[in-house]
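Enquirer: Given these sequences and hints, build the entire structure.
Start counting the sequence shown at 0; every next residue gets the next number (the working numbering).
Any given hint might turn out to be false.
[Stated by the list, open to error] Distance windows between CB atoms, simulated:
no.: 1; residue 1: Ser99; residue 2: Gly20; range: 41 to 47 Å
no.: 2; residue 1: Pro109; residue 2: Ser28; range: 38 to 44 Å
no.: 3; residue 1: Val158; residue 2: Ser69; range: 39 to 45 Å
no.: 4; residue 1: Ala37; residue 2: Tyr58; range: 23 to 29 Å
Worth flagging that the hints you see were computed from the coordinates, not collected in a lab.
Glycine is no exception: its CB is placed at the ideal position from the N, C-alpha and C atoms.
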Amino acid sequence: RITGSNPIIAGTDNGSNLSIGAPNIVISSVTNVSCFGASNGSATVTVTNPGQTGSYSYYWSPGNPSGYTSPTISNAAPANYSVVVIDPFGCSSTAQASISQPTAIQFQTPVTTPPICSGQASGNISIFNVTGGSPFINNDPYINSPFVYQYSLSSGASVIATNFSGSFGELAAGTYFITI
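Expert: See below:
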């Protein structure tokens, strides 16, 4: 008669049906990439076997964003990741984590209005139908929209807009770069 005192041995056995278990694992957290094309996602795997002690080995693929020995990958690009966890007894389990990214920011061609007279700052640039990206969550009770975009001009002007469009006025003639 064999009685299991090691937590990975399940139950008591007469020698014919001894069962050894692999580590129980779960993807406990996933942080998606913040902007299209970025590599700042992360995922964490957790071993859930109660009472099992010792060091574990972690093998993440594809690639090796932050090292094989960590239960957490960081600085990860958007992809479907697989992690193999090997316990101190050589048993292994596999789990998958998917790190995604927001869609690319898209918008209509900006509409420009030139200054009325040379040397005046009366021009205008408007951006319409902005979609994608990661609009930030609005916590201002005076702005009636849950998500907003911030628009910045190379001149330093900035505006926060809630209706997926933005406009800059009182501009002199020149070249401007818009950041959304």
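Enquirer: Take the hints in turn and mark each one as holding or not.
Expert: Going through the hints against the structure:
{"no.": "1", "hint": "Ser99 - Gly20: 41 to 47 Å", "verdict": "32 Å, violated"}
{"no.": "2", "hint": "Pro109 - Ser28: 38 to 44 Å", "verdict": "39 Å, holds"}
{"no.": "3", "hint": "Val158 - Ser69: 39 to 45 Å", "verdict": "42 Å, holds"}
{"no.": "4", "hint": "Ala37 - Tyr58: 23 to 29 Å", "verdict": "24 Å, holds"}
Taken one by one, the earlier hints fail for this structure only at number 1.
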